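My numbering puts the first residue of the sequence shown at 13, with every later residue one more than the last.
No lab work stands behind these hints, which were simulated from the structure alone.
All of these numbers come straight from a predicted model, not from anything done at the bench.
Mixed in with the good hints, there may be bad ones.
[Stated by the list, open to error] The list that follows gives simulated cross-link-like pairs (lysine to any residue, SDA-like), each with its CA atoms no further than 25 angstroms apart:
| hint | residue 1 | residue 2 |
| --- | --- | --- |
| 1 | Lys133 | Val169 |
| 2 | Lys133 | Val34 |
| 3 | Lys132 | Ala71 |
| 4 | Lys132 | Gly170 |
| 5 | Lys132 | Trp93 |
| 6 | Lys132 | Gly120 |
| 7 | Lys132 | Glu96 |
| 8 | Lys132 | Ala30 |
| 9 | Lys133 | Val33 |
[Stated by the list, open to error] Derived CB-CB ranges, DEER-like:
| hint | residue 1 | residue 2 | range |
| --- | --- | --- | --- |
| 10 | Ala112 | Pro56 | 19 to 27 angstroms |
| 11 | Pro80 | Trp168 | 21 to 29 angstroms |
| 12 | Ser124 | Asp41 | 17 to 25 angstroms |
| 13 | Asn49 | Cys117 | 15 to 23 angstroms |
| 14 | Asp41 | Trp168 | 46 to 54 angstroms |
Positions of the beta carbon are idealized from the N, C-alpha and C atoms, including for glycine.
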Amino acid sequence: MIVAATHAPSAINQQPWAFTVVRDQGILDLISRNAKNHMIATVPAAAASDRIHVHVTDANFHIFYHAPALILISGIVQGPWIVEDCALAAENLMLAAYGAGLGSCWIGLAQSFLNTPEGKKSIGTPAAWISVAPIIVGYPQAVTAPVSRNEPVVRWVG
13 MIVAATHAPS
23 AINQQPWAFT
33 VVRDQGILDL
43 ISRNAKNHMI
53 ATVPAAAASD
63 RIHVHVTDAN
73 FHIFYHAPAL
83 ILISGIVQGP
93 WIVEDCALAA
103 ENLMLAAYGA
113 GLGSCWIGLA
123 QSFLNTPEGK
133 KSIGTPAAWI
143 SVAPIIVGYP
153 QAVTAPVSRN
163 EPVVRWVG
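Generate the whole structure from the sequences, applying the supplied hints.
Shown next as structure tokens:
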């Protein structure tokens, strides 16, 4: 999967990403607790949706859903497109996971905490790196039903 991610396109072919794989459940549990606390402390209740607020205040809610692995894609080169570049790598990783029969989910609730000094220390990422895509990977417990999609807005010009 990581090899597939490294084949993603990137602006000016910088390939500004690094991958941190976390499989230690103790570390994932710690990050889950700390990320929820960080969100409670930093995001005004009015700004968080009711669903998110209910989850982050629930002591039993695990933001990684007890998945066996977290793959964090970080931007390691300063530049205007590192978020987009890392997102392209994330999509490749998630498509490769799906192709291998695995489930994956980008866990946005972890992203802000993993960019704090405490979050970076918890998994040993360098201070200069920017955490972009925390993605959990594992075997799904059940087949997920297709999600309905809105009709796309397509405009033809010229």
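Each hint tested on the structure:
1. Lys133 x Val169: Violated: Lys133 and Val169 sit about 49 angstroms apart, past 25 angstroms.
2. Lys133 x Val34: This hinted pair holds, its Cα atoms lying about 13 angstroms apart.
3. Lys132 x Ala71: 23 angstroms, holds
4. Lys132 x Gly170: 48 angstroms, violated
5. Lys132 x Trp93: The hint holds at about 21 angstroms.
6. Lys132 x Gly120: 16 angstroms, holds
7. Lys132 x Glu96: Distance of about 21 angstroms is within 25 angstroms: holds.
8. Lys132 x Ala30: Holds, at about 13 angstroms.
9. Lys133 x Val33: 14 angstroms, holds
10. Ala112 x Pro56: 19 to 27 angstroms: Roughly 40 angstroms apart at Cβ, these two residues miss the hinted range, so it is violated.
11. Pro80 x Trp168: 21 to 29 angstroms: Since Pro80 and Trp168 have Cβ atoms about 45 angstroms apart, the given range 21 to 29 angstroms is violated.
12. Ser124 x Asp41: 17 to 25 angstroms: 18 angstroms, holds
13. Asn49 x Cys117: 15 to 23 angstroms: 21 angstroms, holds
14. Asp41 x Trp168: 46 to 54 angstroms: Hint holds: Cβ distance 50 angstroms, inside 46 to 54 angstroms.
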